[in-house]
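Number of protein chains: 2
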Amino acid sequence: MRVLVLGGDGFCGWPTSLYLSDRGHDITIIDNLSRRKIDIDLEVESLTPIRPISERLAAWGEVSGREIGFVNLDLATEYDRLVGVLEGIRPEAVVHFAEQRAAPYSMRTTHTKRYTVDNNVRATHNLLTALSATGIDASLVHLGTMGVYGYGWSGSAPIPEGYLTVKVPTPDGEIEREILHPANPGSVYHMTKTLDQLMFSFYAKNDGLRITDLHQGIVWGTQTPQTARDERLINRFDYDGDYGTVLNRFLMQAAVGHPLTVHGTGGQTRAFIHIRDTVRCIEIAVTHPPKDASRVRILNQITESHRVLDLAKMVADVMGADIAYLPNPRREADENDLQVRNDQFLALGLEPTTLSEGLLEEGKQVAARYAGRADPTKIVCRSVWKAGMETASDLITKLPAQA
Amino acid sequence: MRVLVLGGDGFCGWPTSLYLSDRGHDITIIDNLSRRKIDIDLEVESLTPIRPISERLAAWGEVSGREIGFVNLDLATEYDRLVGVLEGIRPEAVVHFAEQRAAPYSMRTTHTKRYTVDNNVRATHNLLTALSATGIDASLVHLGTMGVYGYGWSGSAPIPEGYLTVKVPTPDGEIEREILHPANPGSVYHMTKTLDQLMFSFYAKNDGLRITDLHQGIVWGTQTPQTARDERLINRFDYDGDYGTVLNRFLMQAAVGHPLTVHGTGGQTRAFIHIRDTVRCIEIAVTHPPKDASRVRILNQITESHRVLDLAKMVADVMGADIAYLPNPRREADENDLQVRNDQFLALGLEPTTLSEGLLEEGKQVAARYAGRADPTKIVCRSVWKAGMETASDLITKLPAQA
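Protein chains in written order, with the numbering used here: chain A, 1 to 403; chain B, 1 to 403.
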């Protein structure tokens, strides 16, 4: 299939592009390289040394014999160029990763709040408008987030896949209605994904666009079999307080001799997925487009749920690390239970990669290999959800000598 | 109270600014005059001759002895200037009308779809971010729309004011949850108001902003006691297929000798409010800010519901006009019932101005007075919801000689 991968240079987009290419699909990446540029502002880098996009693509050509196209284009502002690319390629599927994806970054400053909304909303809406205007019948696969549901809203009921059947009182008795699960976003970033949902819903209904929205859990892991084939293909490994995700941060912290940073009580339960499964899920979604174009298909892209503190304890036990309890800069419940349905991906053939010592060890090894690149002053989370919230000082400012 | 009126040059914003000023509030208008500029692109004008904003403001000073401030500022793009105005004025309330407000215009072209989203979402979000960042504790009153609810979703139950209590199934039995009424927008414009709702909800919860969202029905009427005090203060009267609202269009059509244009069967039932009540509702909302800052207060700003065909027949009977049935360029149900709760405004003292022959006649008189300014080729609605939908030819291209 001809597949356009929007945001194909990022943490999920890059391994997805390689995986789809490896599976025989014809891939073109659109990316404005914004993720790399944000690193410049934050004065931080991926722990793994990522190569320029053209070198990445050339390396992939060398090791795979397959070509991936690339267009440097800003989806939020270059609508006409987007239309040109769509008309030139006429993709059968478009995978949309092209959004600012870090909750802490989205809460960091008024600039980053505004950037997150302006970029994410316009990127999604431009894409929807362009697909409708060109009449290109590509199925659209969008990376959403479990965070649209919030935590603890539905009592003991597992979180359904996007839709919820509820009873509504009327003078003639209760009626059943299927609704989009109510939005309970926990940050400006998550909020933009709830805005996406309403835009998808409208363009599916009005324009018949075929849309799959993937509500993904927290991704962990770094490498896939494709990114591991050459060091120039290595995937990002974010460890900083804004872009690092919790489990990868613990692995990096264990690798560099930093205490494991639990912000808050650690009672937060979240859903997780390994990057290897992310890329598989995307291919499943791409190759199984929804049949009903009037209704957005929503799948929960997760494989397991864990309490943050349990993860910290597991990593601490296995790898010999201390745990540091730090103030939580987020406004969220101290503790929550979480069960999530993921029946649809299982039915479509996903075989979950779950937490194992082997995979944790692999993650730690990747981190250890590049430990010398770490800046320990970037580890503590300090983007607060509201002005005046407490944050922690650096726990260490120099890395211990590595073994 | 010091009140900032965003979009204070528009159809609802202008009479609201004058009314609030007349009631003794200290008003500053922010407007980028976009509504006037869109008229230039559409090659149409308000039926009533509206004067430049500085002349309007000078005339108000003359007749009332009261000054209204004005800042020409684009909310969607001039964030820093917005912050400057907020810090300079330190308003106690902000009334937010500054959004593209026509459903047909929002569906007209890819440009207008994108403009509607880019403008409305960024204007609202910039405002929320600025209120949060400056710490100015102004209550925010936003003009939303009944169209966020859609029509016919809740069976025989009246549409509640924003929130709905539903029963959610869980393994431990049903639980009750109050949810934002599910969004069922009928156009890109209406969609932006559903996006606003989610942004309001987040900023109320996270930042404690005090927000009132007014879900307004279709406005009719032109003049208020304030705009009628001098011809230079006259309010807009839009009659074109994009910006004209249904009842005002019927009155104008009757006045100029054009058949009354019913697009579709006329079985659509909609909620209405007279412009005189709009301005009263805004003052009620401004002077009664919500007590609970963590939850958006939502009020339905409507006074009555009518079927479009019943309105056409009433105007046709009273004023002697024909009815023309034209293709409906919108994707909407042919027919629907509608009951709407508006208990909160009634409890806060609103005395509804309902449909009466006197008010209809007044509307027709305003239209008749300026009939010579009408362009009959702008009357038929032709902005289609999806490419290829049928539209009607002009019914007349020259105005009949006026009596």
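Hints are not guaranteed to be accurate.
[Claimed, not checked] Okay, derived cross-link-like pairs now, EDC-like style, lysine to aspartate or glutamate, Cα gap no bigger than 16 Å in a straight line:
| no. | chain 1 | residue 1 | chain 2 | residue 2 |
| --- | --- | --- | --- | --- |
| 1 | B | K167 | A | E176 |
| 2 | A | K205 | A | D292 |
| 3 | B | K205 | B | E332 |
| 4 | B | K167 | A | E332 |
| 5 | B | K386 | A | D207 |
| 6 | B | K167 | A | E92 |
| 7 | A | K205 | B | E332 |
| 8 | B | K205 | A | D137 |
| 9 | B | K291 | B | D74 |
| 10 | B | K313 | B | D343 |
| 11 | A | K167 | B | E174 |
| 12 | A | K386 | B | D207 |
| 13 | B | K37 | B | D74 |
| 14 | A | K386 | B | D137 |
| 15 | A | K167 | A | E178 |
| 16 | A | K167 | B | E176 |
| 17 | A | K167 | B | E332 |
| 18 | B | K386 | A | D137 |
| 19 | B | K378 | B | D394 |
[As the list claims (entries may be wrong)] Sample of chain A residues lacking proximity to chain B, with all beta carbon distances greater than 12 Å (derived):
| no. | residue |
| --- | --- |
| 20 | R51 |
| 21 | N72 |
| 22 | G135 |
| 23 | D172 |
| 24 | P185 |
| 25 | P225 |
| 26 | L348 |
| 27 | E361 |
| 28 | A371 |
| 29 | L399 |
Simulated from the structure, these hints should not be mistaken for laboratory data. C-beta atoms are modelled at their ideal positions from N, C-alpha and C, and glycine is treated no differently.
Results for each hint:
1. Using a Cα cut-off of 16 Å, the hinted pair K167(B) and E176(A) holds, with the two alpha carbons roughly 9 Å apart.
2. For the given pair, K205(A) sits about 10 Å from D292(A) by alpha-carbon distance, which is consistent with the 16 Å threshold.
3. A distance of roughly 34 Å separates the Cα atoms of K205(B) and E332(B); the hinted pair therefore is violated under the 16 Å criterion.
4. For the suggested pair K167(B) and E332(A), the alpha carbons sit about 25 Å apart, so the restraint of at most 16 Å is broken.
5. Between the alpha carbons of K386(B) and D207(A) the distance comes to roughly 7 Å, so the proposed pair stays at or under 16 Å and holds.
6. A C-alpha spacing of about 40 Å is found between K167(B) and E92(A), which places the hinted pair above 16 Å, so the restraint is violated.
7. Among the hinted pairs, K205(A) with E332(B) is consistent with the structure: their alpha-carbon atoms are about 11 Å apart, no more than 16 Å.
8. Note on K205(B) and D137(A): the hinted pairing is violated, with a Cα-Cα distance of about 39 Å set against a maximum of 16 Å.
9. For a cut-off of 16 Å, the pair hint linking K291(B) to D74(B) is broken: about 30 Å separates their Cα positions.
10. Only pairs whose Cα atoms come within 16 Å are accepted, and K313(B) paired with D343(B) is rejected, the gap being roughly 29 Å.
11. With a C-alpha separation of about 9 Å, the suggested pairing of K167(A) with E174(B) holds against the 16 Å cut-off.
12. Between K386(A) and D207(B) the CA atoms are separated by roughly 7 Å; this keeps the pair inside 16 Å, and the hint holds.
13. Taking the CA atoms of K37(B) and D74(B), the gap is near 13 Å; set against the 16 Å cutoff, the hint holds.
14. Proximity of K386(A) to D137(B) is assessed by CA-CA distance (about 15 Å); at most 16 Å being required, the pair is judged to hold.
15. A hinted pair counts as satisfied when its Cα atoms are at most 16 Å apart, and K167(A) with E178(A) qualifies at roughly 9 Å.
16. For the given pair, K167(A) sits about 9 Å from E176(B) by alpha-carbon distance, which is consistent with the 16 Å threshold.
17. Taken as a hint, the K167(A) and E332(B) pair is broken in the structure, with Cα atoms around 24 Å apart against an allowance of 16 Å.
18. The hinted pair formed by K386(B) and D137(A) meets the criterion: a straight-line CA distance of about 15 Å does not exceed 16 Å.
19. A threshold of 16 Å between alpha carbons decides the hint, and for K378(B) with D394(B) the separation of about 8 Å falls inside it, so the pair holds.
20. With a least beta-carbon separation of about 34 Å from chain B, R51(A) lies farther than 12 Å from that chain, consistent with its non-interface assignment.
21. Distance check on N72(A): its Cβ is at least 21 Å (rounded) from any Cβ of chain B, clearing the 12 Å threshold; non-interface status holds.
22. The Cβ of G135(A) sits about 8 Å from the closest Cβ of chain B, inside the 12 Å cut-off, so the non-interface label is violated.
23. A beta-carbon of chain B comes within 12 Å of the beta-carbon of D172(A); the shortest separation is about 5 Å.
24. With a minimum CB-CB distance of about 6 Å to chain B, P185(A) fails to clear the 12 Å threshold, and the non-interface call is violated.
25. The beta carbon of P225(A) sits about 39 Å from the closest Cβ of chain B, which is more than 12 Å, so the claim that it is off the interface holds.
26. Residue-level check passed: L348(A) sits 25 Å from the nearest beta carbon of chain B, beyond 12 Å.
27. For E361(A), the requirement that its beta carbon stay farther than 12 Å from each beta carbon of chain B is met, with the minimum near 37 Å.
28. No beta-carbon of chain B comes within 12 Å of the beta-carbon of A371(A); the shortest separation is about 36 Å.
29. Every Cβ of chain B is farther than 12 Å from the Cβ of L399(A); the closest lies at roughly 35 Å, confirming the non-interface assignment.
Hints 3, 4, 6, 8, 9, 10, 17, 22, 23 and 24 from the list above are not met by this structure, while the remaining hints are.
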